[in-house]
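Each protein sequence line maps, in turn, to chains A and W. Positions 1 to 317 (my numbering) are the ones given, in order, by the first sequence. Positions 318 to 634 (my numbering) are the ones given, in order, by the second sequence.
Any given hint could be a false lead.
Said to hold, decoys possible - Rough simulated footprint, nothing fancy, chain W against chain A, three-plus residues with beta-carbon under 8 Å:
(1) 101-112
(2) 177-189
(3) 306-316
To be clear, the hints were calculated from the coordinates, so they are not data collected in a lab. This one's a predicted model, so the numbers in the text were calculated from it and none came from an experiment. The beta-carbon is built from N, C-alpha and C at its ideal position, and this holds for glycine as well.
Protein chains: 2
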Amino acid sequence: MRTSCALGEEQRRSIKNTASDALGVHAVTAAGARPRAEPEPRAVPIPIPPRSGSAGKGHSRISALPGAPRSRQYQIISREAPQRSPTMAGKKVLIVYAHQEPKSFNGSLLKITVEELTKQGCSVTVSDLYAMQFEPRATRNDIVGPLHNSEAFNYGVETWEAYKRGSLSKDVVEEQKKVQEADLLIFQFPLFWFNMPAILKGWMDRVLVQGFAYDLSKAYDGGLLQGKLSLFSFTTGGSQEMYSKGTISGDIRYILWPMQHGIMHFCGVKVLEPHICYAPACVSEEKRKEMLTAWTQRLKTLWKEEPIDCSPEWYFK
Amino acid sequence: MRTSCALGEEQRRSIKNTASDALGVHAVTAAGARPRAEPEPRAVPIPIPPRSGSAGKGHSRISALPGAPRSRQYQIISREAPQRSPTMAGKKVLIVYAHQEPKSFNGSLLKITVEELTKQGCSVTVSDLYAMQFEPRATRNDIVGPLHNSEAFNYGVETWEAYKRGSLSKDVVEEQKKVQEADLLIFQFPLFWFNMPAILKGWMDRVLVQGFAYDLSKAYDGGLLQGKLSLFSFTTGGSQEMYSKGTISGDIRYILWPMQHGIMHFCGVKVLEPHICYAPACVSEEKRKEMLTAWTQRLKTLWKEEPIDCSPEWYFK
């Protein structure tokens, strides 16, 4: 049995994408999870933070600042002495993480992010959506108590009204608090069907309600979440050449338009260059290590980066 | 309190989109669900099929062919005598529907689709995702019995393996059967954040697994769902001019790339022109009726339509 990694160059060119790309099948290392007949890539030997005690909870706050709450889930990290930088210390980061498996490549990227930003003196909060069993469906349950109009349910209007009177469901309010406090939002996920996984899309749908993230004529550069930064960090099944202009899968930036521009920019959040790890499951262990090192290096100077010009030109020029 | 409908032309130009666009706040008629100070658009007076008896089930099959199962949910429709056309009779249509409210504009569009296609002698199946409480999260629960590799969970690999050995979860298998039988897939939804709602994205993530919808080097024109047609039918909060080239929200076709090309085309499904009802909640009742009539008219000759050329040129030219 072969996967995309085993395809010859000719086949790669002919389909310009792997059969598994769209579902992110190979977007994780997941040692041993691949079909057996194929050469087995090994998981990058980075210790995975223990998850015991976090089941059903899934979010945690890690801070290097004295007195700040520490996470059971990431205790291994908080053992390290913080090396504060005057520009980064005290910055608050929310990582919204959507992968089922901590041993995955996405899990390694998450761990590095938490570790590196904590070292810098940042306060890091993780919303681990699968571990939280986060609800992606936008329903009447998101409003506590009676509806504004119970005759015909309009999710947008009802959540807007509920936000104003403080009657959104507890899980939504908790995520909104995390967003409100954050200087930087990092979204970490494997690409699923040219897009984020449904569980993460549900986070966007339910958390970024009108009144909180945008409002009447308060959108794009006037959005209510102004002053924050965002960064989309994700893995793909296909290689970088497969996601370039002129191929059948097109430029990777086409895919980023609805996410970066349609959501973050719409809410007034500035967007940093995305961080894309192409086909980590299809490359050597050495190359995967290089990818992780590159992410660590980028994080060291992340706060010096300028946001992209989030206009159609950036995506479709 | 004003909504986007009440914004002046200057404000519209300045933000080039409404504050509620991204969440589809006004993508439904939902009479009475809008803030009270605003002129109240009325729901289009189209009878809504009774939903009693369908709670927790949500999918139904309607067929005008003798002996075919009839739906309780849409009995009102099946009372009408079918007017079969030799070219359409017997065609099977699956509508994947993602709106919480049957009285919404999306609900009216759904009803029209079922009614018109049934009249033509088609067999129509509806997956009413919210009514079904469809699970959007891609988790280990989608695999019945032991995993291929329980050491590190890889959703793509596990569902691929489970598909081959017939051990995907019941709800996924049921949706796959509907897809397999269908000649045409219609996706009916309100635009949420430049994209489909999470519940519909979850349908894509979980139903279109490797081995079923695509496979090794069987993607795009070689995808496993060849021979089928698809159509994305959706409502927006913003007007047509707000979703055109040169505006901050960009051409509506940019948004369609991940959905039409990245999912349907990837699986080998041909794509018909999308059907977009712009800002139904912001126009007059007469205009809304015209929109519904236009959809009815389009459905009458739908089977004569040629698919679009689903290449980057169509989206980004």
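Check: Going back to the hint list, which numbers does this structure go against?
Finding: Of the numbered hints, just 2 does not hold.
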